[in-house]
Every structure is written in structure tokens, then in C-alpha cells.
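Participant: Given chain V's structure and the hints, the job is docking chains H, F, X and W onto it.
Residue numbers (the working numbering), protein chains in the order written: chain V, -12 to 303; chain H, -12 to 303; chain F, -12 to 303; chain X, -12 to 303; chain W, -12 to 303.
Any given hint could be a false lead.
You can't tell identical chains apart in this list, so a pair holds if it fits in one copy or across any two.
Stated by the list, open to error - Lysine-lysine pairs mimicking DSSO-like chemistry, simulated, CA-CA at most 30 Å apart:
1) 301 <-> 53
2) 244 <-> 71
3) 157 <-> 299
4) 299 <-> 244
5) 59 <-> 79
6) 86 <-> 59
7) 79 <-> 53
8) 132 <-> 86
9) 109 <-> 86
10) 244 <-> 268
11) 244 <-> 301
12) 86 <-> 268
13) 10 <-> 157
14) 157 <-> 244
15) 10 <-> 109
16) 86 <-> 53
17) 157 <-> 300
18) 71 <-> 132
19) 71 <-> 86
20) 157 <-> 71
21) 53 <-> 71
22) 244 <-> 53
Everything labelled a hint here was simulated from the structure, so no lab data went into it.
Listed below are the residues making up each chain.
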Amino acid sequence: MPLQVMAYNIDEAIYIPLQDLDKYPDHVKWISLSSPAEDEINSIASLLDLHPLVIEDMMQGEELPKVNEYPKYTFIITDILEFKEDELIANKLYMVLGKDFLMTLTEDIDTIRFVQNLVVSKARNIIEQGPDFLAYTFLDRGVDKFYPVLDEIEDIVMEVEDLVIEQPDKWILNVMTDVRRDLLIVRKSAWLIREVISSLMRGSSPFITPRTVIYLRDVYDHIIQTMELVETYRDILVSSRDTYMSSVSNSLNEVMKQLTIIATIMLPLSFIASVYGMNFKFMPELEWEYGYFAVLGFMILLTAIMIAYFRKKKWI
Amino acid sequence: MPLQVMAYNIDEAIYIPLQDLDKYPDHVKWISLSSPAEDEINSIASLLDLHPLVIEDMMQGEELPKVNEYPKYTFIITDILEFKEDELIANKLYMVLGKDFLMTLTEDIDTIRFVQNLVVSKARNIIEQGPDFLAYTFLDRGVDKFYPVLDEIEDIVMEVEDLVIEQPDKWILNVMTDVRRDLLIVRKSAWLIREVISSLMRGSSPFITPRTVIYLRDVYDHIIQTMELVETYRDILVSSRDTYMSSVSNSLNEVMKQLTIIATIMLPLSFIASVYGMNFKFMPELEWEYGYFAVLGFMILLTAIMIAYFRKKKWI
Amino acid sequence: MPLQVMAYNIDEAIYIPLQDLDKYPDHVKWISLSSPAEDEINSIASLLDLHPLVIEDMMQGEELPKVNEYPKYTFIITDILEFKEDELIANKLYMVLGKDFLMTLTEDIDTIRFVQNLVVSKARNIIEQGPDFLAYTFLDRGVDKFYPVLDEIEDIVMEVEDLVIEQPDKWILNVMTDVRRDLLIVRKSAWLIREVISSLMRGSSPFITPRTVIYLRDVYDHIIQTMELVETYRDILVSSRDTYMSSVSNSLNEVMKQLTIIATIMLPLSFIASVYGMNFKFMPELEWEYGYFAVLGFMILLTAIMIAYFRKKKWI
Amino acid sequence: MPLQVMAYNIDEAIYIPLQDLDKYPDHVKWISLSSPAEDEINSIASLLDLHPLVIEDMMQGEELPKVNEYPKYTFIITDILEFKEDELIANKLYMVLGKDFLMTLTEDIDTIRFVQNLVVSKARNIIEQGPDFLAYTFLDRGVDKFYPVLDEIEDIVMEVEDLVIEQPDKWILNVMTDVRRDLLIVRKSAWLIREVISSLMRGSSPFITPRTVIYLRDVYDHIIQTMELVETYRDILVSSRDTYMSSVSNSLNEVMKQLTIIATIMLPLSFIASVYGMNFKFMPELEWEYGYFAVLGFMILLTAIMIAYFRKKKWI
Amino acid sequence: MPLQVMAYNIDEAIYIPLQDLDKYPDHVKWISLSSPAEDEINSIASLLDLHPLVIEDMMQGEELPKVNEYPKYTFIITDILEFKEDELIANKLYMVLGKDFLMTLTEDIDTIRFVQNLVVSKARNIIEQGPDFLAYTFLDRGVDKFYPVLDEIEDIVMEVEDLVIEQPDKWILNVMTDVRRDLLIVRKSAWLIREVISSLMRGSSPFITPRTVIYLRDVYDHIIQTMELVETYRDILVSSRDTYMSSVSNSLNEVMKQLTIIATIMLPLSFIASVYGMNFKFMPELEWEYGYFAVLGFMILLTAIMIAYFRKKKWI
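Next comes chain V alone, as it looks inside the complex:
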């Protein structure tokens, strides 16, 4: 469905061909594009009288979220984030908002379907309102999509928080670095979308009615919440990293303790052997027939006592 045009007013919501755009003066016209062919863009651009810069932005697809004012329309770029196969990707959403139309361009089919359903099912009174409310619906949906993304991140962050104590392995550091990068993407995106919404709320666009501004405030609150969550997760990651370092340190110390225990057991034994290696003229034990075996037996006994003592002290 590369191109769909819908016209709706309080009475009806119908699909129309692109060339009939002018035949519905009392309807809100929604032109929905998705992976359009170049000539489709061009024909729409000439129909809506789009500025070459707008067309260029939509073609290149690498612009950051922003709002640009033109005399006859407002050009809005925003991001819709989602996790695809553990990879965080940002779908672009381009919107051209005019007096009685909204043009949208995005590869996020899911969002298009979602808004179509809202319009067709007459939900949220969309059909009673203008194209700016439709644009708000898109922005709202885009911001709502932050939540599943953050939920996924939260799951990883929470698991990491447990793992850094239980199994402080090197790969957890890599997971943390990945999540940190994802959070950076989310924060940057949220930051810029906040700017977009804040700019629309301040009345930069004449096509946004005061009534829609009230709804935008809601979206604005959600984006602020998103940013707070990002900060929270980032804090948790930082403290998890500290805990990881402590865990590694404690594991190392635990090994050191084991090694030191071996050393501590060997030293008294060596000492005893050294004693009977002394060359004194008169050392009665050396003359005993079973002196050697008695000393070996004593060494074994001493080892057992030391191990038992360390066990009791919970050092082993």
C-alpha cells in the first residue's frame, strides 16, 4: 500500500483516488505514503506545492526530528523507535500538515494501520476534528511506542543488575555497553521530539489549533516521562557497573584467599621439616627408629587440624 488517500468528516471516512483531492473541500484529506515510487512523491509534491527542501528531506531519509514552517504547510519530521531482532531502529515519520490535509510518509506500516483503525472506527472523535488532530494522533502513537522499547530495555537492565553479582563475566560488560548505546539513541530521539512538540505547542505552526495544543501537552508529558525513565536506567547501569567491578574484585580476592590458605598450610609443615634438617650434634628424635614416620604422621595430623580450624572459622 504505497499510497492511500482518505477523506473524512463528521459523517464519513472514505478512500478516494489521489486526483479527487480537490473534490472534497469539506473533508479532511489524509495522504498516506509508504515506500513510495519517486514519481508518486513528485506528483504529490506538485499537487501540494511542496518546497524542494521538503522533498529532498523525505527522499534522503536521514534527517533528525525537527519542525519547519512554510507559508502553506508545516513540515514535521519525527522518529518512531522499535526493536527489530534485538536491534533498536528508528523509523522516520514525515508529516506535511496543511489547512485541510495531512500528508504522512513512513515505513512503519503498523502505525499507519493503527491510525486508520482509529479513523474508521471513529475513535477519539478524530473525524470531528481537523488534520492537526490527525497529526497529533501520529505524534502520540510515536511517543507511545517508546514504552515497549523502554520495557525491553528495562528487562535487560534488571537482569544485568542481578547478573553483575551472580556471574560477573566479561560479556555482561558488552551487554551494558550495548544497552547504554540504545539508551543514548532513545535519549537523543526523545530530546529532539520534545523540541518538536514544544515548538508546536508554542504556536510556531498556524495549522495547530489551540484545542490540539491541549492534547499535545499530554504527549509532551509522556516524552518527559520517557526521558526520566532513560535517566533512571542509565543510573542503574552506572551503579551496576560499579557493582560489577566490586564483584570482580571480590571474586579475585576469593581466589587469593584460597591460594593463601594453601600457603598457610604448607608453611608450618616446611618449618617442621627444616627443624629436623638442623645439624645439631644432639637431637634425640633423629636417633629414634620411627622418628621419620612419627614426624610425617605429625605433619598429616597438623594439616588435618589446620583444615578443620579453617573450616570452623568458615575460611574454606
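Facilitator: For chains H, F, X and W alone, coordinates are given in the frame of chain V:
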């Protein structure tokens, strides 16, 4: 008490049978359900003309807190948290708020009784006001119930904070993980209930009067306080975990110190034994009759001196 | 002075007997109770027509700060904290605020005297205003008393912050735990008093005039400042505890270093002794007449060199 | 282009010679200076009647951002930061804002060009507005230039955050110190520019119209965001430094572990050798023909077993 | 200049003798005292009809910042901080603000001169305004003086932050403790001055005109900024202390590593010596003529290999 219907106005508060609902046009009608049979729900649904989606939500019982607007009523879902046998559980509270009635569905008998008492005892002027005030009373009660839950968590958190220093055992980590999960549940619940109340305050529902909005602001403040407390406890847990890691590290180091002291006592003794194990032609001590015993005695003396010295230095 | 009744207006402030309460219709009447006998409470209760619940609360004396509305008066409970012999205690202050009277009940004689002086000295224009301003004066005094308490805590916290580095002894942990508990009490008390004041400011009581609300805002600001201070001290305690753990760790490591230095000095000596304990046929030194003493001398020299070297390196 | 004078109104934007300044009473006059000769400054100073203090400030070029009010104009100093060859430098921007003119003096050619383009291309409706809007454009541009600077810092900070774990080398500390100093410069600059903008917004200058104040609010928000980012990066640096210390500590401990393993392997071998160095009369092994080689073989076997055991335990 | 009296209005600013105070009814009178003799204070007190408590406060000179209302004037105490020979001292500034006069008493000559210059040079339109604006000028100057103090502290804090890593010496802890105490003084002072200004802004004094309140808001913002800076520096100190502890720990560990390396080199050598100390009947090496020297040579070789290996591993 699966089903109770109460009708009240400024003069009286009486229990009525369900079928008499229409006979009290000037009363506020409160239909209270608790573990209802399916046909009870159905008969009420047809009486109040409930949407199938509302019925489905109430039947399944796993929905998150939210507000849904319908032309004739507002459907509100919220959580009422409590600790049952050390387990944090979230009772659902479903409310259908209409022009002159409120339907509530919850398994939390305690809350139903509490509100019934308020109505019957004419407290807080409930009977002078509409069903929205009754709904507020429920929301208020639900949010108030966060406090005992957080008190219980605070007790555990405070004890953990002491224990991580005094007895840094592994099981404390498990306790901390459990509390952390409970805090997560509380935070999520509070987060969503805040959204519900914020949505009602913004006037999303036509059945909420401005007067009740003022009271909702109070509930909103309480939920914000709850969220602050959750953050505080979370911070304490994080810092307790760091302290735990330091405690474990210090315990390990203490053991290392003990072991090293044993080693440090053995080494000079071994050295002395080695000295008399040397094969020099002329070593006068070796010829002494009691040289061996003199050396043994000196070793014992040296050990005593070292132990005394370490004691004095407070190393033992 | 279990019972004192004062009547004042813009012209005069006089002590009157309780039974003359009705004879001064144009005066503000202040009934001040302190450790009253039961019959005194009862006679006042019947005079002021107090609700049994109010009387019960005042008798039991264990209620938390709160505000209760009654048709003819507002019942306020608040805490006045102070340190008595290093113990943090919370004196209760009960107030019954009516149209032209204020009844106060507290054991905190100091506060009663303070307010009496203000009234008698005609300070702050108290006598030009109603009983709500008198109630405000009490609340203000109660909140002001947080400051000396927090000053005392600050002194301890600051000293602890120094001591954890200089003398990381176990008893400091106990001091920290005690202070932490005191802070908890202060925070809880401040939290609830904030609720009380916030409730009075929102106009819950008809006996509070708008003019007094402005003054209450001031008290509200002070209680918020108190809570900020509590958080600050708590943060300092947490970071002090971390520093304590590091201090202990560093002390332990310092001991380890001393022990390791002893070991490091012994090992080369033992090695030399071992060398001359070898059984080679041809070892010229063994044949020397003073070989033994030469080796002993060399060992002493080596020890001196090592100690000098470690000194130079600042390891000792 | 040391000196350029532009005059513009809603119809046109033209370059004019300095002496024609008075011939365009209905135009906004923009006098742009860059590395001016001294006599140029003097001639402009006499034309605009500049106070000697203003001239002195512009000559010396080391003043901090500030606003000074004079009867006929407002004198504004601000910073424009940029990275030049990894060095953070602050270009000064001096502005003299009068009723119908703006004089600017800066070495930042890039910013001059940027604003010239905006005026010539009639962007942002600059030409419909007064010289205060032109001054705002400069301030806005200056604040926008914080972002690339902070982006560069962010890149370094993020890399440092990874490196402190992977390669905790000494030079990273130096990088951190450098970035910390850059952040200090940015913060001080942002702090003072905030003061400048805040002062202009409060209406300190009669040459700033209310309409421009609205735009200044936008710049104010951006500068606040800048300061938040600076704090964030600073926090990351602090926590990175902690991680660096832990990393260094863990590397050291790792080395200690290796050394201790060597010691732990040597000790049992030494013990065995000591045993056969004992001088007991009756030690059967000593008499065996291949006893010596048997013991050597056993020592090699024991070493292999210990190494295998340590490998299995993942200590090596 | 213990006593100076200036009278000014929009036309002139002249010094007058004290006794002529009443001869300039249309002028603002500024009585400036500095280290006054007691009889000077008394004569002024009787002229201005000062309350004995005010005179007492000014004589004793140890009062904390506060505002006291009297019928005919407002009495203000504030602090002016400065560093004198590395010592932070707080000069008191006492002000008595009446309807048409301001009396100031301070030892801070610098501030008096500063304000005199402002008046004489007719800066900031002081002479067009009342004595409250003059009082504001003093308060503003006092708050401005926080900045150089904080700059000095910042320099120390930044240097400490570097030194704790590079040279973690004991004296840095003392510097930190000193700075921490200075910050405490600044915070307390700022806290109380904030209270003073906040009280004046709320209209507690009838001698403060609404116009001056606007200017006071500016001072209020500055004092808030001061308090934020204090918190920032305090945070840096806390984290620096943690870094110091880690630095000390790492230095200790570095020493331990050196010592352990010595031990690790000695142990294999000792082992070899022990081997040739065994008493086996048949040990061919013992019979070799140069066996002893071969073994000594092998020991030297082994030592060299170990040192080379440790060098390669970067352990030395």
C-alpha cells in the same frame, strides 16, 4: 456479599434490590460487586448497557490501570496493593461511573466495607455529593493503601541497611532482589494510577465534576509522594548493595590478614631452622649439648614476642 | 499550670477563670492545658462540646499528626520535637480551633511560655487577629523547633564525616545507625506536619482565614526546608558509610603491607641459609673458619639494606 | 571584511557606506565589525556616541558576558564557543543595541555570514522586525553553537566511559582532566550567558520589545538544556573516574593473583625438598638408588596436578 | 571615616553633618557608620529613636542574618563574606531602614566605598529612588561578594580533584576538611540571607516599595545560584574523598605488588637450594666438582628470566 446495591442522597442511605435501580431517580446508586457469578455480571451489564469490551476486561481481570471513555459512562481500572503473607499482591478495582450511579467490582472486601462505613456514617459529606465523589473515595482509599505497603518495605529496607554491614550473608542479596521486585511492582502500579488520576483531572470524563477534581488533586499529590518514596527506597537498596560488596571485601581481607599473620610468624622460625641446617665446618652452637633445645626455646620465645607485638599493634 | 485561660482582643490580654469563657464574646479565648487532670478535660470537653473521638485522642496521646474537621471546630494534632539528654523525643500538641477560641494541650511548657510572651508583649500583632493566627503561631513555633534538632544532628553528622577517615572504629557505625533513626523520626514527623499544614492551607477548615493562610505558606516553606536538610544529612551519612568501609579496607591493607614487608625481609635470608644447607661436595665457603659468622654478618647487612630501601621507597 | 553596514526594512536589505547611516531613517541599520582598525572603531564610536567604557571593553577583548544599560543603547557581551584543533576557544561577541541600529563586533566570521544569509534570504521574517530581533538572532546562534561543542565532548566522554574498563591507562586520566576543564569553561560561559538573557528578558533594556522577549525565552530554554548536558557529562566523568580506580585496582589484583599462584606452586615443592633434607637416622627413601629421581619426578607431577587444578578452577 | 551622613535626591548628593538630618526633608538620608565610637551610636540611636534591642545587636556584633520589624523602621542584619589571608570571614552589615533614611553599620569599608561611588556617580538611578533601593544596593553587593569567595573555593576544589589521584597525601584530607567547613559557613550564611530577602519580598516591611521588590527577586535568584554552587562543590568534595580512598588503596596495592614480586623471585631460588639440601644417597650433581657454582649460576639465570618475564608482562 457478591452483590449489594445502595441508594443514597442527602437524607438517607439504604440498601435496595438490584431491580429497583430505576425507582430512585434522585439517589446516587452504588452497585457493589465482589466475586460475582457470571449471570450477575450479565444482568448488570444489560441494566447499565455496558460495552462488551468492558465486560471482557472485568471477566479476565488482568488489565493494567487505565481510563476508558464511553458515551454513557467512564470505565476505570485501578490497583489496590497489599501484602498477604509476605507476598505483594495487586487487587483489581473496576469502576463504571455514570451520571447517577457507580458500579464497583473488587475482591478487596476491606475497601468495600471502609467505603460503606463512610457512606452510612455520613462522613466526609459523601451523601451530599454525586457518584464521582464516591469513585474518588475509592481511588483515595486505593492510594492510601500504598502507605502500609511502603511501610512494610521500609522496615525491610532499613533492616537490610544494617545487616549488610553486620552480617554480609548471601541471603541478604536475595532479600534485596525480592524487595527490588516489589518496588518495581509498586512503581509500575503507581505510575499507571497517576496516569488514571491525571487523565480524570484533565477532564477526560464528563462525569467528574470540577469540585471532585479538587479532591483528585489531593490523591494525585499522594501518588507522587508514593513514587518519591519508592525512589528513595530504591536508592537505599543500591547503596546497601555497594555496602554489601564492601563488607564482603572487608571480611575477605580480614581472613587474608589472619592467614598472613600465620605466615609471618612461621617465616622467621623457618629461617632459624635453615640457619642451623647450614653445613659450615665451624658452627659452635651445633656442638653445644643443649643447643637443639636452646634453639627450640628461642623459637617459642620469638613466637610469643611476635604475637605480643601484633596484639599491641591491634593486628590480631 | 495545668489550666490557664486567656482572653484577648486588640485592647487587652487578660487571664480569666474557665467559667467566665462566655463573658468575653468579643475576645479571642485561649484555653491552655498541660498535664491536665481528667475532670479538667471533661469539663472543658462539655464546655466546648468536644466529640468523644477528640477526647480519646487527647487522652491516649499516641496519635500521629493529622487534621480532623468537626462542624464547630477543627481538631489538629502535631509534633514538637526536641533533644532531651541525647534522646530525640516528640511532644504532642493538640489544638481545638473554633470560631472564637483555641484550646491547646501540650506538655511542652517552653512553647506555651513562648506564645504567652508573644501575646502579652503584643508581638506580631497577635492580639489584632483571631484564634487561627494563634494556632498558626503554635504551628510556626513547632516547625521552628526542628532547627535546633537538625543543628544537633548536623554537628554529629559532620563529626562522623571526619571520624570515618581518621578513626574508622566500629562504634562510629552505631552512632551512624542512631542518627539515621533520628533522621527517620524527623522525616516522618515533618512529612505528616507538612500534610497537616497543606490541608489547612487548602481551606479544609472554615476557621482558618485567608490572611492566616498566607502565614501558613511560610511555615510550609520551612517544613520543606527541614525535609531537604534531612535528605542532605542522610546523603552525607550514606557517603560516610562508604568512606568508612574504604577506611577499614585501607587500614587492613596497611596491616597487610607491614606483614608482607616482614615476609619479604625473611625470604632472602632463608634463601641464603638454604644455599649453605646444600650438600655439594665442593663448597669452598663451608670450609672457611669464620664462614658461618661471615654469612650471619651478611644476613644482618642485607636486612639493613632492605629496610633502608623500603624506607626510601616510603613503604615503611 | 572588517566593516560592513547593512540597512534593511520589510522591502529591501542593502549594503550602505558607513557615512550614509542617517540617510535611512526607516531602515534597521546593522553595523558589522570584525578585526576592525582602531580608527574604524573610533569613527563608529563617535557616530553612535559610545561611552568610553564600552570602547575600552571592546578593545581589550577579555570581558566576561554581561549586559550594561546606557541611555541611548544597551551594551551586550557574550561568548561563542567552538573547537579549533581540539582546543576549546571562546570568541567574544560585542553588541550595541539601539533604537534603530545594532552594532556587532566579533571575530567569528562564520556567525556573521550565517546571520547575513538569514537577512538576505528574508528568513524568519527578520526584515519585518527591529534590531532587537537581529540581536536575538545572534544570541540564538551563539547558544546553538554550544551543541556541536557538547557533541564533541559527548563523543570523548562516551569513549572514555568504555576505555576506563578496557584499558585503564594513565593517559585516560589526562583526557578526563582536559574534558573536565572544557566542561568548566562551557558551564561558566553558559552560566553568564544565561544571566545576560535572563536580564534582557526581565526587561532591563528598553530596546528589547515584548515580542522578542518571547523568542528569548526559547534561547533561555536552550541554555538551560546546555547546562543540564554539562552536568550529565560531568557526572559521567566522575563515575568514569571511579570505574577507572576500580579497574586499576582489579588489574593490580589480577597481577597479585598470578604472583600468588607462582608462590602457591613453589611452596609444596619446597616442603618436599625440606622433608628429604631432614637428618633422621632411618629414612628408607634416602637409601633407594633412584630415590632422588623419583622425588624430582614426583615434584614435576605435583606441579602438573596443581596447574591442572588451578586451570579447572579458572584461577589461571 | 567612622560616621558619614549623605543626603541625596534626584538633583544632588551631598555630605551633611549629622545634626542637619532634619533639614533635608525631601532628601534620602544615608547615615553610614563604621567602627563607631559608643557615643556616636547613642546619639544616632536617640536621633532615630532606635529600640534598645537593635542597639544591643549592633554592639555585640554576633547576631545571625535576620529581619526585625519595628513601627518606625525595619532592622536588617546580613553577612558580607570575604577571604582574608586564606581565612573565610563574615563581616556583619546592619541596616536600619526607615521612611526616608537608611542607617548602615559595617566594617567592610570596600562595600561602603562601592555604594558611595554608585550614589555619587548617579549610577543605576539610585538617586531617583528611596532608601529601600539603597538597602537593596547593599544586599545586592553583599550577595555579589559570594562569587569571588566561591571562585576561590572552586579553584581549591578543582585542584584537590586532580591531586587526590596524582598525590594522595594525608594533607589533602585536611585541605578538604577546611574547604568543607568554609562551604558550611557559606551555605549557612546564604541560607539565612535567603530568608532575609524572601521575608522582605513577601512584604514584611512597609518600607520596601513594590518596585524594589522586583530588584530583590534578582538578588534572590543570585543567592539561590550561590546555594546550588555550594552543593556542587560539596558533591565534588565527597566524590574526591572517595577517589582519595581508592587512590590510597591503589598505592598500597602497588606496594604489595612490588613486595610480592620480590617474594615470587625468592621462592623458586629457595626451592632449588632445598633440593640440593636433600640427603639422598645418590645425587649425581652433588659429586660434580663445579656443581655448587653451576647451581649458583643457574639461580642467577633464573632470576634474570623471571625479571625479564615480569617486565614483559608489565608487572614491574
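Participant: Could you run down the list of hints and mark each one as holding or not?
Facilitator: Results for each hint:
1. 301 <-> 53: Answer is neither; intra-copy 63 Å and inter-copy 52 Å both fail.
2. 244 <-> 71: neither (46 Å within a copy, 43 Å between copies)
3. 157 <-> 299: between (34 Å within a copy, 18 Å between copies)
4. 299 <-> 244: Intra 16 Å, inter 17 Å, cutoff 30 Å: intra and inter.
5. 59 <-> 79: Within one copy, since 22 Å is at most 30 Å while 39 Å is not.
6. 86 <-> 59: within (8 Å within a copy, 33 Å between copies)
7. 79 <-> 53: both (11 Å within a copy, 29 Å between copies)
8. 132 <-> 86: within (27 Å within a copy, 34 Å between copies)
9. 109 <-> 86: both (21 Å within a copy, 23 Å between copies)
10. 244 <-> 268: neither (41 Å within a copy, 38 Å between copies)
11. 244 <-> 301: both (12 Å within a copy, 15 Å between copies)
12. 86 <-> 268: Neither: 115 Å inside a copy, 110 Å across copies.
13. 10 <-> 157: Classified as neither: same-chain Cα gap 65 Å, cross-chain 72 Å, threshold 30 Å.
14. 157 <-> 244: both (22 Å within a copy, 18 Å between copies)
15. 10 <-> 109: within (22 Å within a copy, 35 Å between copies)
16. 86 <-> 53: Answer is within; shortest intra-copy Cα gap is 20 Å, inter-copy 34 Å.
17. 157 <-> 300: For residue 157 and residue 300, the Cα distance is within 30 Å only across copies (17 Å; inside one copy 32 Å).
18. 71 <-> 132: Classified as within: same-chain Cα gap 13 Å, cross-chain 35 Å, threshold 30 Å.
19. 71 <-> 86: neither (36 Å within a copy, 46 Å between copies)
20. 157 <-> 71: Cα proximity of residue 157 and residue 71: one copy only (25 Å, versus 38 Å across).
21. 53 <-> 71: So residue 53 and residue 71 pass the 30 Å test inside a copy (24 Å) and across (28 Å) alike.
22. 244 <-> 53: Close neither inside one copy (59 Å) nor across copies (55 Å); limit 30 Å.
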